[in-house]
Every structure is written in C-alpha cells, then in structure tokens.
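First to last, the protein sequences are chains A and B. Note that full-length UniProt numbering gives residue 407 to position 407 of the first sequence, counting from 1, and the numbers run on in steps of one. Note that full-length UniProt numbering gives residue 126 to position 126 of the second sequence, counting from 1, and the numbers run on in steps of one.
Any given hint could be a false lead.
Claimed, not checked - If we take Cβ atoms under 10 Å as the criterion, some of the chain A residues that face chain B in the derived model are:
#: 1; residue: E28
#: 2; residue: F56
#: 3; residue: E67
#: 4; residue: L106
#: 5; residue: L108
#: 6; residue: P414
#: 7; residue: E419
If you are wondering where the hints come from, they were derived from the structure by calculation, not from laboratory data. Just so we're clear, the structure is a prediction, and the values are computed from it rather than from any experiment. Glycine included, each C-beta is placed from N, C-alpha and C at the ideal position.
There are 2 protein chains.
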Amino acid sequence: MAPEVVKIRFSIFYEHQLPRPWSDEAEERLYRDALEQVEIADRVGFDHVWAVEHHFLEEYSHSSAPEVFLAAASQRTRRIRLGHGIVQLPPPVNHPARVAERVAALDLVSGGRVDFGTGEASSMAELGGFGVPREEKRAMWRDAMDAITRMFVEEPFAGWDSPYLRMPPRNVIPKPVQKPHPPLWVACSRRETIHFAARNGIGALSFSFAEPEDAGVWVDEYYRLLNSEECVPAGFAVNPGVAVVLPMMCHEDEATAIERGIDGAHFFGFALAHYYGTSPHEPGRTSIWDDFVRHREERGYSRGIVGAVDAPLSVRITEGGIGSLRGAVGTPAQVAELVRRYEAVGVDQVIFVLQAGPNRHDHVCESLELVGEQVIPRFAEGREERERARAERLAPAVEAALARREPPRERAAPYRIDETAELARARRRRAPARDLRTAARTAVRARGRHALARLVAGRSDDRLERGFGPAAQRVFFAGMVRAFDPGMAMGFEGELEFRLRRGEEETPWTIEIRDGRAHVRPERARRPVVGIRIGAADFLRLLAGERQAPALALDGRLEIDGDVAFAPRIGEMFGGVSPY
Amino acid sequence: MAPEVVKIRFSIFYEHQLPRPWSDEAEERLYRDALEQVEIADRVGFDHVWAVEHHFLEEYSHSSAPEVFLAAASQRTRRIRLGHGIVQLPPPVNHPARVAERVAALDLVSGGRVDFGTGEASSMAELGGFGVPREEKRAMWRDAMDAITRMFVEEPFAGWDSPYLRMPPRNVIPKPVQKPHPPLWVACSRRETIHFAARNGIGALSFSFAEPEDAGVWVDEYYRLLNSEECVPAGFAVNPGVAVVLPMMCHEDEATAIERGIDGAHFFGFALAHYYGTSPHEPGRTSIWDDFVRHREERGYSRGIVGAVDAPLSVRITEGGIGSLRGAVGTPAQVAELVRRYEAVGVDQVIFVLQAGPNRHDHVCESLELVGEQVIPRFAEGREERERARAERLAPAVEAALARREPPRERAAPYRIDETAELARARRRRAPARDLRTAARTAVRARGRHALARLVAGRSDDRLERGFGPAAQRVFFAGMVRAFDPGMAMGFEGELEFRLRRGEEETPWTIEIRDGRAHVRPERARRPVVGIRIGAADFLRLLAGERQAPALALDGRLEIDGDVAFAPRIGEMFGGVSPY
Numbered sequence: 001m002a003p004e005v006v007k008i009r010f011s012i013f014y015e016h017q018l019p020r021p022w023s024d025e026a027e028e029r030l031y032r033d034a035l036e037q038v039e040i041a042d043r044v045g046f047d048h049v050w051a052v053e054h055h056f057l058e059e060y061s062h063s064s065a066p067e068v069f070l071a072a073a074s075q076r077t078r079r080i081r082l083g084h085g086i087v088q089l090p091p092p093v094n095h096p097a098r099v100a101e102r103v104a105a106l107d108l109v110s111g112g113r114v115d116f117g118t119g120e121a122s123s124m125a126e127l128g129g130f131g132v133p134r135e136e137k138r139a140m141w142r143d144a145m146d147a148i149t150r151m152f153v154e155e156p157f158a159g160w161d162s163p164y165l166r167m168p169p170r171n172v173i174p175k176p177v178q179k180p181h182p183p184l185w186v187a188c189s190r191r192e193t194i195h196f197a198a199r200n201g202i203g204a205l206s207f208s209f210a211e212p213e214d215a216g217v218w219v220d221e222y223y224r225l226l227n228s229e230e231c232v233p234a235g236f237a238v239n240p241g242v243a244v245v246l247p248m249m250c251h252e253d254e255a256t257a258i259e260r261g262i263d264g265a266h267f268f269g270f271a272l273a274h275y276y277g278t279s280p281h282e283p284g285r286t287s288i289w290d291d292f293v294r295h296r297e298e299r300g301y302s303r304g305i306v307g308a309v310d311a312p313l314s315v316r317i318t319e320g321g322i323g324s325l326r327g328a329v330g331t332p333a334q335v336a337e338l339v340r341r342y343e344a345v346g347v348d349q350v351i352f353v354l355q356a357g358p359n360r361h362d363h364v365c366e367s368l369e370l371v372g373e374q375v376i377p378r379f380a381e382g383r384e385e386r387e388r389a390r391a392e393r394l395a396p397a398v399e400a401a402l403a404r405r406e407p408p409r410e411r412a413a414p415y416r417i418d419e420t421a422e423l424a425r426a427r428r429r430r431a432p433a434r435d436l437r438t439a440a441r442t443a444v445r446a447r448g449r450h451a452l453a454r455l456v457a458g459r460s461d462d463r464l465e466r467g468f469g470p471a472a473q474r475v476f477f478a479g480m481v482r483a484f485d486p487g488m489a490m491g492f493e494g495e496l497e498f499r500l501r502r503g504e505e506e507t508p509w510t511i512e513i514r515d516g517r518a519h520v521r522p523e524r525a526r527r528p529v530v531g532i533r534i535g536a537a538d539f540l541r542l543l544a545g546e547r548q549a550p551a552l553a554l555d556g557r558l559e560i561d562g563d564v565a566f567a568p569r570i571g572e573m574f575g576g577v578s579p580y
Numbered sequence: 001m002a003p004e005v006v007k008i009r010f011s012i013f014y015e016h017q018l019p020r021p022w023s024d025e026a027e028e029r030l031y032r033d034a035l036e037q038v039e040i041a042d043r044v045g046f047d048h049v050w051a052v053e054h055h056f057l058e059e060y061s062h063s064s065a066p067e068v069f070l071a072a073a074s075q076r077t078r079r080i081r082l083g084h085g086i087v088q089l090p091p092p093v094n095h096p097a098r099v100a101e102r103v104a105a106l107d108l109v110s111g112g113r114v115d116f117g118t119g120e121a122s123s124m125a126e127l128g129g130f131g132v133p134r135e136e137k138r139a140m141w142r143d144a145m146d147a148i149t150r151m152f153v154e155e156p157f158a159g160w161d162s163p164y165l166r167m168p169p170r171n172v173i174p175k176p177v178q179k180p181h182p183p184l185w186v187a188c189s190r191r192e193t194i195h196f197a198a199r200n201g202i203g204a205l206s207f208s209f210a211e212p213e214d215a216g217v218w219v220d221e222y223y224r225l226l227n228s229e230e231c232v233p234a235g236f237a238v239n240p241g242v243a244v245v246l247p248m249m250c251h252e253d254e255a256t257a258i259e260r261g262i263d264g265a266h267f268f269g270f271a272l273a274h275y276y277g278t279s280p281h282e283p284g285r286t287s288i289w290d291d292f293v294r295h296r297e298e299r300g301y302s303r304g305i306v307g308a309v310d311a312p313l314s315v316r317i318t319e320g321g322i323g324s325l326r327g328a329v330g331t332p333a334q335v336a337e338l339v340r341r342y343e344a345v346g347v348d349q350v351i352f353v354l355q356a357g358p359n360r361h362d363h364v365c366e367s368l369e370l371v372g373e374q375v376i377p378r379f380a381e382g383r384e385e386r387e388r389a390r391a392e393r394l395a396p397a398v399e400a401a402l403a404r405r406e407p408p409r410e411r412a413a414p415y416r417i418d419e420t421a422e423l424a425r426a427r428r429r430r431a432p433a434r435d436l437r438t439a440a441r442t443a444v445r446a447r448g449r450h451a452l453a454r455l456v457a458g459r460s461d462d463r464l465e466r467g468f469g470p471a472a473q474r475v476f477f478a479g480m481v482r483a484f485d486p487g488m489a490m491g492f493e494g495e496l497e498f499r500l501r502r503g504e505e506e507t508p509w510t511i512e513i514r515d516g517r518a519h520v521r522p523e524r525a526r527r528p529v530v531g532i533r534i535g536a537a538d539f540l541r542l543l544a545g546e547r548q549a550p551a552l553a554l555d556g557r558l559e560i561d562g563d564v565a566f567a568p569r570i571g572e573m574f575g576g577v578s579p580y
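Looking at chain A on its own, in the form it has when it is part of the complex (with noise of 0.2 Å):
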C-alpha cells in the first residue's frame, strides 16, 4: 500500500532539561526562555509545541505540570497548537476526572487548540513513586481512556465502575472547545505501541528514533491497521496520524550546528537511558551530568563519533550506534533533507527537541528563526490540499471504525446525587469475584476485562493454578467460544491448540474455526494452524492484561508453533484484552 503522504508538519518538544548544578534560579529561567521559545516559534510557523508530563525526573525532566506551562504558552500564541505529550493515565498519577477537566480548560483558553497525547508513564521512578503495577498500566491506560473520552462527551457522564475508577454519574465541566474531544495520541517508545495506536484510532508519538526508511514500515502497517476492521477507536473521533521525535539544532555551518547541538542530544539519550535502564538513582543526590561528563565516551556518547559530513543526504540520525543520538542537527539544507525523507514514508509530522541538556536559549532561538526561514516554507505548499484529500481518503474507514465502537451511554432513569449512597459504594470493599468458574463465564464478556483483571490482580499464580483445573478451563473456553467475534477472524478458519501446565500436568484445549462459528474440544488438534503452550496462571494473566506475550516468551514461559504472526490476535478474536 502506498503511503499516505502528506505535506509534513513542524512541532518542537519539551522534556524541560536541567542538567545538575543547578543555580536558584535555573528553574525559573528554564520556564521563562521556554515560554520565549514556544513565542517564536509560533511566530515563525510552527504547527505544535508538545510538553511531556514527567515526575521525579530530576535533569531529565521538570515538567511535571504540563498544564500549567501550555495555559501559560497559550496566552503567547496565537495559532500553534498545544500538545500534551503525554499526560500520564494511571489513575494513581490523575484522576480521570481531573484529566478531562484540564484538559477542556485549556481548550477553552488556547481556543480549541489541544491535541491530548496520552501515556502510561513507564520509568521506575514514576511507577514505584505513585504505586502504578507495570503490569497493570497498559489496562490503566484503557480504562482512564474510555472514561475521560466519555467524559468529554456525556452530558452527564454516566458513572464508571472498573477496578481503577469508581464514580457515580457527574456532568464533569467544563466541555472541550473542540467537538467530540480534542485530537488523541499515545505515547509509542516500542514498534508495537504503534500497532496498539492504530488499533485505537488514534495518533501515534512516536520516540524511537528510526531513520526514516525504518518509520515507513511503521507508517505503512499504522495505516494499513486504521483502515481495516481491527481498528476499534479509543475515542469518539480518530486522529490518524504518526509523528517521530527528533533532537534538532541548526545553523548555517554544519559544524556549529553540531557543536551547539550535539551534547543536548547526546544528554537526552543518556538521562533517557539513566531512567529507562537499571542505572541507580538516589533522589536528590545523583547526578546525571558529572555521570555523563565522566562515561560518555566509554557509553558511545562520544562527540568526536559526530562530524560534519557536508553532504545532506548522507545525515543519519544515529551517528556510530544508537547511543549517539544526532538527529535533525545540521545545517538547513540538512534539516531539510531529513524531513523530506521523513515526508516520503508518510509521516505527518517531525517533532524537534531543542531544549535538551545544555543546549543554550540563544541558540535555540536562532535555530527556531532559521528553520522558520529556510525550512518550513519548503513544506507548506498545497498541504491543505492534500491533508483534505487525505481525509476524504480515510473517510470511510474512519466512519466504519466509529461505527464499531459503543456510543456514548444515555442514563434511561434519573440520577440524583446521593453522598450517603456514593460513599457506601466507595468503601465497600471490592468483592472478589466469587469463584473461578463463575468469573471464567463472565471474565469474556464485553466488559468482562475489568472481572478478570480483579480475578487475577490479587491472586498468587499457586492459588490461580489450584483453581483453574480442567472444569474450570472447560468453563472459559466455552465462554470463549461464546464470545468468538467473527468479524476479528477476518475469514479465518482453522484450529487453535492451547496447552495449560499445571505443575507436571497439561491439559489441552483446541478450538476449531470453521463457517464463521467456532467450536471447542478437549484434545490436542489435528493440524492447528497455531499451538501455544503456557502455564495456566500465565494463560489467566495473558488475557487479563496483566501480562505482556513477548515477556512471556522470553522468559521462556511461553511457547509458541505454528503461524507467530497471527498469535497476537487470538485474544481480539475472543473479545479479550490485546496483548498489545
């Protein structure tokens, strides 16, 4: 399939970075020369300024209340879009409520230019400091998602009862300028969050730092999933879209650029990794930047890896091994160059990191004025031309995805608020589900997530084993076979075999699809087209959420014959969570 090329868009990111020592007032600078920055860039033709939500990050990141620096940017702007890039969902970090709230007040004082990126926070710091299990922020993330689009767009939002989020009906105010919401994207640091994007309908931010050529694949197979059946959108619009994060610094002569340049982006990746790693960290005490002035040559942050080559086509973005970050920095006709390319492979936006590490404000001003000049101009002819075209393209298959996806709910009785009755339901304790059999039956239904989420979420695997035995497996495959959702099998037909340990003991389940109808026997298959072996705790907490099959797999926990590709999508089929 071709690529759904457009005219490409210009955004700038902040992480606000502020490399150890720092000064009394370095906090305070950092803000202001970013508030200057967010000016010119607006000025100069920029289409988004993107802010991350970070907490704990020291030297990383200090923004850690994006609303309140995009509310400021918005007072001195007049055209560039505000991004929250991301706002992380766990409900532990933000209530859902308050997510919507901010977010709908910004789109009333920018005038309705939000776009609300979305995330599930996943450095130790963050996790560990607001109690998020990382195996349960990806169903965080869904569950906040469907409830703050709802949110946005019932009047009263009915009520939510998952086991992230209880609330009884409340019309959260105020509503966003922009109808039905504004524009959604997710944060996308692996290949496979792009996928989970595209399945969800929404934009892809994605910080992986491909060349160009390597993004097209993404891009092809993000388009490719939109506009077919698999996609089921998050919200009650679909934002398609994929935009690449990028380090930047410009300037007329390619070995200023670098200079100026180079020692933010490679900061950047190595407090990145300081975070992501297994790097230690005391809070308040380590710094990342003596550690980087100390290791960065032996860790391939080298600067003498990067020089000028004085040729634009031959600029990669990693420069002698991905730790060498160099991105867009270079002279125009470079920058240039790389967005072309990036262009070609249909990406619709570049997203330039300027403030990184010690990047100075002046040079970043300059390189906003010099991009704004030299560069954006060559990009902006015809765009609303072909960004329309584009969207009558995609038309119908945005109009089947919103089709597939449950509309906002309309409360049949009246609700009154009631404090006495809310606050019983608060408090009573959550039941667990009864037994396992009875949550077998019910954990594949519609929204049968949330009851096998709580199954699993406060169970040992010895005392999920002990339950799931042959009757009750019995019990969820019919239940699965009950649940088969033809339209997710695409036409396929065939068996499925599912082996599930426990201790030295496997049972073995097939299920046969066959004239759109699936059928379930307990034996091993003839000829399965798929065979998966897996520990029966494992099973539960694979379709639960809770676990991630990649993991499981290598770890060894997790085997799987037959046709790998078509594995992930067994639990879609049967209405359960993506392993996505």
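With chain A fixed as given, assemble chain B onto it according to the hints.
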C-alpha cells in the same frame, strides 16, 4: 487587643459561574472574558486574583482546573498575585505530589506570584463524586498539607506513609520560586475554621459574608491565636492574614449598580445554598437558574428588598436576611466606605466577586475600572510602611511558632529507587492495628493520629466499644498522660474528668494536672474544671479527628460540664488532633 490594622488589599475572585441555558460557545466566552477582566484588574491596581477549584458544580462553578486558568492569567498580567482559592487537598481528588508540582510550576511561570490556598471540599457532589468520606476530609487536609509543604522544601522529599498517602522518597520538582514556598491560606466557610487557620499559622479566606463589625471579632481571635503558643505552623513559613469575600458591582449611580449586580449576587447565594444544602440535584438535568427565577422571591432573594439607600454608611452587606446578599454593590463611595470598615477591624484583604450569575462582562470591566480609579487609590498611602511595621510586630511570635514545627527531614542513609520493593510496599494491604491496646499505646505519640485514624476508620461503633473496655482505656489514658505537653496547657492546673459510656456501663477517669505534670486515676474527680461524658466509640473518633465535638454535642452524644471554652483544647494538650 487592638486589631492588627494594615492598609487593606483588593482582590477579585472567580467561580466561573454559568447559569443555564448554555450556548455552544458559552464556556469559551466565560474563560476569555475572565482573562480580559484579570488583565484590567492587574492594570488598575488589584492585588490578587483568586480562582476556586470546584468539580461537577454545574452553573455554580465551571472552574475545575484553576491551575490552567491562573497559568493563562500569568501571561496576561505583570504584578497581580495569582491565588488558588482553593486547591482541594484530599488525595482522592488530587495526588499531593501533583499539587506540589502544579503550584511550583505556576510559581515559575508567574515569577513567584502564587498564593496557595487550600481546602477540604465540602459539597455532596464533590465528596460523593471522588469518594471522600466527610468525616475524614479534615484528616486528609492535615496529612496532605504536611506532605505537600515538605515536598516544596525537602530535597528529596523523604517519603510518606499515612492512611491517605504512601510515597517513597523522591525529589518532587520543580521547586517554587518563593522560598520556602508560596504563602498558605485555607478556605473558611465556618467561623471555627478561622481559629483553625490561626492555629496553623496560615491566612484565612473567609466565605461567611460577615458584616465588618462581626468580622472584627474573628480577626481579633485570629491574631490572638496566631500570637499564642497554640500556633504550630502547617507550613515552613507563617502567612498572617484574614481576607473576606464579597459580591461587588460598582457604578456612579447606586440604582444602576444594583440593577447590574444584584442578580449575580443573589444567584451566587442561591446556587451556593443549592449545592451545600439539601436541594436534589440531577447531573446534566437540573437547572438552578430556572429554579432561581421561579423561587427567588419566596426564598428571600427578592430584587425588591434591595434598594438604593443613597447613604454610604447605611449599606449592609446582607439586606433583609442572609439570603439577600448585597455585598459591595453600590457607588464608589459606598464601596470605599464598606472597605474602610473592614480595614478598621483589621481585615487584610477584600475579595470581590463580580463574575457571578448573569452579570455582564462589560459591567464587570466598567466596575473594575471604576474601583481602580476611585476606590483603590484611597487605600494605598503608607501601605508598605504599615505592612512592614506589622511584620516586625509579629516577627517574634512567628519565629516562636516556627520553632514549634517539625523541621524538614534529612535522610540519614542514602535511598535508591527500587520499583519492585516500592510496589510491594504499595500493594501490601494496610495491616489493621493488631489490637486496641497496642493502637491506643501508639495513638497518642507524635505521629499517632495516623494509627488512631486507621484504627477507627475501618471499625463499627459496636466493635470499637467492645474492644475499648476499661483495660484498653487504661492504656490509652496512660498514653495521654505521657504525651501531655505542658506548653499547650499554658499554666493550667486542675482536674479533667472523663466518663466513657459503653452501653449501660460508664467508666470514670480523672486526669490531674499539677506542677506541669499530668497524672491519671480510674475514678471520678473531686473538683473537675471540665467534665466530659461521651460514648467510648465517639471518644476515639473525636480524638482521631473523625468526628467533631460541636456535632456530637448537638446530637446529644457529648456532654460537657464546667468550663466549656476549655474543652476544645484538651485534645491538643495531649498530643491529639484538634477538634477544629
């Protein structure tokens, strides 16, 4: 004691009211107009703009994300201070780290202009909506306030473990510009909360619409407490101040001022009563405005009862009953005279509500200009000198108060982020106190209120009474005696008698204070200064801060003989929670 008179300061206040019916653009215009008004207020000499945080209170307040509104206002203004009036502190609404982050970020983008007002939330719509038990919200406020102020000053924040917040050590960033942190305030809807503000060394934002002469009594009490040993600051700085909130509209012609402002003032009071009273509310359905139009006369909000009086001195802020709130609606001379009366009794700040009900944007703007031109200048002369003089007078008391507060904590041992261990701690079910004796023994220690709150929160009255027999009571009173703080007794000597009821049984205890020591005996007192009779369960809940003495007394569940005024201080004398 003579009032601490200073030159009064002028402020404006935003609920973002929006009576039904709503047009599509109504909320956007509401915010845009408010920002324009704030710009005018800044230019003409107002000192603060305050924005509330309310959730789900349709029509009454669409200000659910004040951090966004105030951040936007920061870039439209140069000198006006930006007040959160207030942030809801219960952790189910806002995670304390998120509060510290957004307040600090706002301080950064505004160049240190933030006032940090705090509160507990108290409408049924909010408490029920977020699952905040009414009887725990005060304890939540205390807990979150302590944590948040430490997040501002501790590097790193040394961690928290209470019934309301568990958080491992983290450096919460950014830090505010103002050191040690922005000035603290608390919302006071009842007179008792003003005492509470004084005891916590923070400013009182009074919403109780008192005539100046009545307010004067409170102001005196406020400064008496602030100057006393009862003041133990909630933050790491003391912020003395009493501010009163009033509806306002100003015009050279009194009748015109009333015509323009009285519906807004009345709707403000009517909608407040709607959400804080017992009126049924159906989210997304109820129209308070329709209700107001239909019933204002019979409920005392008659337009007819407010008329021009043409004599500055006779303006009363409520005319014809509490419902008919007039506030500072009048001519410049009337407004000035009213303000002067507040100033005379020591009120530090008048906060005007102009954007209320159906009040028009152009009328609000004209009023601001008029007050800026004709009222504010009369109060400016010599302000700095008098404020400096007052600060000097208060300095010794402030210093003594700060010495009574636990200082920021320094971790002795280094702490490394460890997601696995941190999540395991976060997950561990909060073990209930093993038995009542053990809990009683620890409950009165320094951080014992947490243990006690944990103990009573999960148990029925029956269960508490069963466990809290004479043997457990003995341990508890022995603990109280050990925790006795002679400083809090302020020279008191004599007997305090407690009679604890359990069913038909009644157990007497006497604490005798003599020569700066306390002793306990299991018998009735000879000449008690105060005698308290209360159910055993209520006694525990009272000391845990879960129930309030006035409410118990009203219900006939608490009897106090002797020096009633002394009773409220008993808890504090023994290291317990203040009944306020």
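Against the structure, the hints come out as follows:
1. With a least beta-carbon distance of about 5 Å to chain B, the hint placing A:E28 at the interface is held under the 10 Å criterion.
2. With 10 Å as the threshold, the beta carbon of A:F56 comes within range of chain B, its nearest partner Cβ sitting at about 4 Å, so the hint holds.
3. The criterion of a C-beta within 10 Å of any C-beta in chain B is met by A:E67, whose closest approach is roughly 5 Å, and the hint holds.
4. Hint on A:L106 holds. Least Cβ distance to chain B is approximately 5 Å, under the 10 Å limit.
5. A hinted interface residue such as A:L108 counts as satisfied when its beta carbon comes closer than 10 Å to some beta carbon of chain B; here the least separation is about 4 Å, so the hint holds.
6. The interface hint given for A:P414 is met, as the beta carbon of that residue sits about 5 Å from the closest beta carbon of chain B, less than 10 Å.
7. Given the 10 Å rule on beta carbons, the hint for A:E419 holds: about 4 Å separates it from the nearest Cβ of chain B.
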